[in-house]
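Chemist: Here is what each chain is made of, one letter per residue.
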Amino acid sequence: GEDVEQSLFLSVREGDSSVINCTYTDSSSTYLYWYKQEPGAGLQLLTYIFSNMDMKQDQRLTVLLNKKDKHLSLRIADTQTGDSAIYFCAGLSGGYNKLIFGAGTRLAVHP
Amino acid sequence: DAGVTQSPTHLIKTRGQHVTLRCSPISGHKSVSWYQQVLGQGPQFIFQYYEKEERGRGNFPDRFSARQFPNYSSELNVNALLLGDSALYLCASANRDYTGELFFGEGSRLTVL
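Same order as they appear, the protein sequences are chains F and U. Counting from 9, one number per residue, gives the positions in the first sequence under the numbering used here. Counting from 974, one number per residue, gives the positions in the second sequence under the numbering used here.
Looking at chain F on its own, in the form it has when it is part of the complex (with noise of 0.2 Å):
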């Protein structure tokens, strides 16, 4: 079936890079995403990979996709303290724009 998991929190200190780990189980995901939210806010899209890519750069943000091991992860360079929120890692599904979330993983940054 489908699904995505994601560890649930993380705490890094302020300067430090963070990473966010994500596993999914569905293969077919041609594209797979990172999304921020904030509290009491909507998603908000940071970067997304396609499948056939294994790194994505884009200013502090770094993905890594590891195809085989079905695993996605997010490094955000120099984390500042406006990081701080809560991170989902998705994938897209069934052939059309469905997108299959984790839990979210919470990163706090602290001075």
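Possibly wrong hints are sitting among the right ones.
[As the list claims (entries may be wrong)] No more than 30 Å apart at the CA atoms, straight line, and that leaves these computed lysine-lysine pairs for DSS-like: (1) K64(F) with K44(F); (2) K1025(U) with K986(U); (3) K44(F) with K1025(U); (4) K64(F) with K78(F); (5) K78(F) with K44(F); (6) K64(F) with K76(F); (7) K64(F) with K75(F); (8) K76(F) with K44(F); (9) K64(F) with K1003(U); (10) K44(F) with K986(U); (11) K1003(U) with K1025(U); (12) K1003(U) with K44(F).
[Stated by the list, open to error] Derived contacts from chain U toward chain F, CB cut-off under 7 Å, selection only: (13) A975; (14) G976; (15) Q1014; (16) F1033; (17) Y1071.
These aren't lab readings, by the way, just hints derived from the structure by calculation. A virtual CB, placed ideally from N, CA and C, is assigned to each residue, including glycine.
Using the hints, position chain U against chain F.
Modeler: Positioned in the frame of chain F, the structure of chain U alone reads:
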């Protein structure tokens, strides 16, 4: 340019009532999807519409229905509300079917008492 807009932002209903939530996609986008996010969980897919046709439906009861209008805006309707329908309802907009760029609105927070 305006992003995805949803209305109302907050609403309170009682059990058994009916609710209609509205979504306007980004200008030029023809796909609208609906998701339910219960507190503390990831969003769950409800429906997707593309070019006014239903493209997919999630595992939700028939009390949930939706439609897309000629201007590509969309409505989500929920009948016979239950306490468990309390959630943040999110709309996602895309310029085509099966795409990498899916943008969400701020959501409509529904509380059922």
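Chemist: Next step is simple, just say for each hint if it's right about the structure.
Modeler: Against the structure, the hints:
no. : hint                   : result
1   : K64(F) with K44(F)     : holds, 17 Å
2   : K1025(U) with K986(U)  : holds, 28 Å
3   : K44(F) with K1025(U)   : holds, 29 Å
4   : K64(F) with K78(F)     : holds, 16 Å
5   : K78(F) with K44(F)     : holds, 21 Å
6   : K64(F) with K76(F)     : holds, 17 Å
7   : K64(F) with K75(F)     : holds, 14 Å
8   : K76(F) with K44(F)     : holds, 26 Å
9   : K64(F) with K1003(U)   : holds, 27 Å
10  : K44(F) with K986(U)    : holds, 29 Å
11  : K1003(U) with K1025(U) : holds, 8 Å
12  : K1003(U) with K44(F)   : holds, 24 Å
13  : A975                   : violated, 14 Å
14  : G976                   : violated, 9 Å
15  : Q1014                  : holds, 6 Å
16  : F1033                  : violated, 13 Å
17  : Y1071                  : holds, 6 Å
The structure is inconsistent with the numbered hints 13, 14 and 16, although it conforms to all the rest.
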